[in-house]
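Novice: Sequence:
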Amino acid sequence: MGEYSSRQKRVLDTANNAGIDATMIAAHGHLRYLTGYHGGGGYFGPFVLILTPGHAPVYLAREYEVQSVRDESCVGELDGYAHLHEFASVCADRLRKLGLHNKRAGMELGCWNLARADVMALQAELLELEVVDANKIIARVSAVTADVELKAMRDAMAVNELAIRTFQSALREGVSEMEIAELINERVSALGASPVILVSFGFGDRNELPHERPSAHQLSFNEPAMIEVGGVKDAYVGALVRSAVLGRHAETEAVHALAEEAVEAAIVAARPGATAGEFDCAVRGVVERSGRADGFRHRTGYQVEASWNDSLEPEAKDIIEKGMAFDTPIILFSENGCLFGCSEKILATERGGEPLSTTSHELLKA
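To convert, count from 1 in the sequence shown and add 107; that's the working numbering.
It should be emphasised that the hints constitute simulated quantities derived from the structure, not laboratory data.
All residues carry an ideal CB built from backbone N, CA and C; glycine is no exception.
Take these hints with a grain of salt, some might be off.
The calculated label-pair distances, taken between Cβ atoms and stated as ranges, are [said to hold, decoys possible]:
1. A231 <-> S112: 26 to 36 Å
2. P379 <-> K472: 29 to 39 Å
3. R396 <-> K424: 21 to 31 Å
4. E469 <-> G398: 17 to 27 Å
5. L316 <-> E469: 39 to 49 Å
6. L191 <-> E469: 26 to 36 Å
Lysine-lysine pairs mimicking DSS-like chemistry, simulated, CA-CA at most 30 Å apart [unchecked claim]:
7. K424 <-> K116
8. K340 <-> K204
9. K243 <-> K424
10. K340 <-> K429
11. K340 <-> K243
12. K258 <-> K429
13. K116 <-> K472
14. K116 <-> K210
15. K340 <-> K210
16. K424 <-> K210
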């Protein structure tokens, strides 16, 4: 409870500095970060946490899910709505009770879990309500990891490294993607950990498919193999990309060497005081100087906490602070369209970036 109360207070302080009277949080990851409830019931319609100074937090949820929210969250005051069209009226009634019907309400307008129609319906109920974008508030509050969060990240990474070691040791001619995926889950389960998330897994030309799932495809000699896997602990994911070549494969070996250089630049660039844009420039510049800029088709990385927030993108102005952590998956397209690369989860420290993984991001030649 103490950690959640501390997080909520930081949100209130940040919102107050922005001139916001009430913060209305709808992103599922942010709801979990602030209350403990996983947000799974929110597939039906918006689940919203209302934070305002001088009043206990209020959770708006579907009536069918209210008991789950009560049991799994730290919030004691809940309002329920039975049907989707009732959300706006129930929310408006609560804002009136709180004296917020004619105040400035910060809503996460860039959130996937809040539709424009929901916002418009609420504004139709409360004509004097001023809605402003609070999309960045939770991201900024959650960006610096607390000790309990860092421990969860390290625990998740330990599970992830078991998965990576299993992947690497099982590579042989004729083994299928599914066989290795099953072996990974067996060993993770034996550890008593939650199942890992196989974000992407492919052998040979199946690496031309982003976020491909394991199949019966078998590994052949002189073929590449890449895995992006996430160990999980308390909703924190230790995502990691590792690659290998069985035999030789000049095209992907060259791409991977460039990805390694870019990841190493990311470790150096993850220093407090730099902007996210400067971080992106340092990493992306490695690829651009190689003449392969068209092979880098995604963001440089993103914040790591329970909700995976802000991106590290060109010209981003967010300031990197001590204690922030980033995933930096550098997956590049080769000249023939094969995706290949590596990553690190990096913690920003006073000494520079600290990789949380102990497994090498260098290419494994099996």
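Novice: Look at each hint and say if it fits the structure.
Specialist: Status of each hint after checking the structure:
| no. | hint | in the structure |
| --- | --- | --- |
| 1 | A231 <-> S112: 26 to 36 Å | holds (34 Å) |
| 2 | P379 <-> K472: 29 to 39 Å | holds (36 Å) |
| 3 | R396 <-> K424: 21 to 31 Å | holds (24 Å) |
| 4 | E469 <-> G398: 17 to 27 Å | holds (22 Å) |
| 5 | L316 <-> E469: 39 to 49 Å | violated (24 Å) |
| 6 | L191 <-> E469: 26 to 36 Å | violated (51 Å) |
| 7 | K424 <-> K116 | holds (25 Å) |
| 8 | K340 <-> K204 | violated (38 Å) |
| 9 | K243 <-> K424 | holds (12 Å) |
| 10 | K340 <-> K429 | holds (22 Å) |
| 11 | K340 <-> K243 | holds (25 Å) |
| 12 | K258 <-> K429 | holds (16 Å) |
| 13 | K116 <-> K472 | violated (50 Å) |
| 14 | K116 <-> K210 | holds (20 Å) |
| 15 | K340 <-> K210 | violated (39 Å) |
| 16 | K424 <-> K210 | holds (29 Å) |
Hints 5, 6, 8, 13 and 15 from the list above are not met by this structure, while the remaining hints are.
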